[in-house]
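Peer 1: Given the sequences, and given the hints that come with them, work out the whole structure.
Protein chains in written order, with our numbering: chain A, 341 to 453; chain B, 324 to 439.
These aren't lab readings, by the way, just hints derived from the structure by calculation. Predicted, not measured: the structure shown is a model, and the values here were computed from it. Hints are not guaranteed to be accurate.
Distance ranges between label pairs, derived from CB positions [unchecked claim]:
#	chain 1	residue 1	chain 2	residue 2	range
1	A	PRO342	B	ARG384	18 to 28 angstroms
2	B	ASN390	A	LEU453	45 to 55 angstroms
3	B	GLU381	A	ASP403	37 to 47 angstroms
Quick reminder that beta carbons are idealized off the backbone N, C-alpha and C, glycines included.
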Amino acid sequence: EPEVTQTPSHQVTQMGQEVILRCVPISNHLYFYWYRQILGQKVEFLVSFYNNEISEKSEIFDDQFSVERPDGSNFTLKIRSTKLEDSAMYFCASSDKGTGELFFGEGSRLTVL
Amino acid sequence: DQQVKQNSPSLSVQEGRISILNCDYTNSMFDYFLWYKKYPAEGPTFLISISSIKDKNEDGRFTVFLNKSAKHLSLHIVPSQPGDSAVYFCAASRETGGTSYGKLTFGQGTILTVHP
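Peer 2: Right, dumping it as structure tokens:
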């Protein structure tokens, strides 16, 4: 069964460093998303990407964040200068229909020290 | 952000019995509702959804009920099985231009434990 894959599974970084989280969405999907879950809190929407551009972003997704689909398969989330409060599990998701029925990856745990 | 609330952090049920998970929302603009299941060390997995034009949707052992006037939805699992033990999230969405329904607002989750 096709699945969304994410790398790395866990990354530890120092505050102020740049981090890139990578995702390979399901191949025929057209909608791509990043969500995150801070420990003990809700899963929250960060950004959506469709037709090679950001279609919507949350207040969390400030200038420190960017997304890219550099080739036909990868979808990346970059945090330019990490803060302690960026520590969270980051989930990539994709969808073929834009119906809210998203396929999530297993997540990338980011720890900022 | 309390737009979607799951007031029960946990629920314990005997195998074979019914599990009922509840969810309330406040934003009347939401018109599409979903339930996701999550096992440890995995991402959320879509379970079942319901549009605001319906009040019930059924898929095998899973049924979602929507009460729009009360802004309440529930997930019924009958019969419950030990493999259903997981965290269950309700989520709500509304159509937006670019993402369609993909911008989900999640509840806090309810941990369901089904005992053999």
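Peer 1: Each hint: holds or not?
Peer 2: Hint by hint, here is what the structure shows:
1. A:PRO342 <-> B:ARG384: 18 to 28 angstroms: holds, 24 angstroms
2. B:ASN390 <-> A:LEU453: 45 to 55 angstroms: holds, 46 angstroms
3. B:GLU381 <-> A:ASP403: 37 to 47 angstroms: Holds, since GLU381 of chain B and ASP403 of chain A (Cβ atoms, about 45 angstroms apart) stay within the stated range.
Figure legend: structure checked against the earlier numbered hints; every hint is met.
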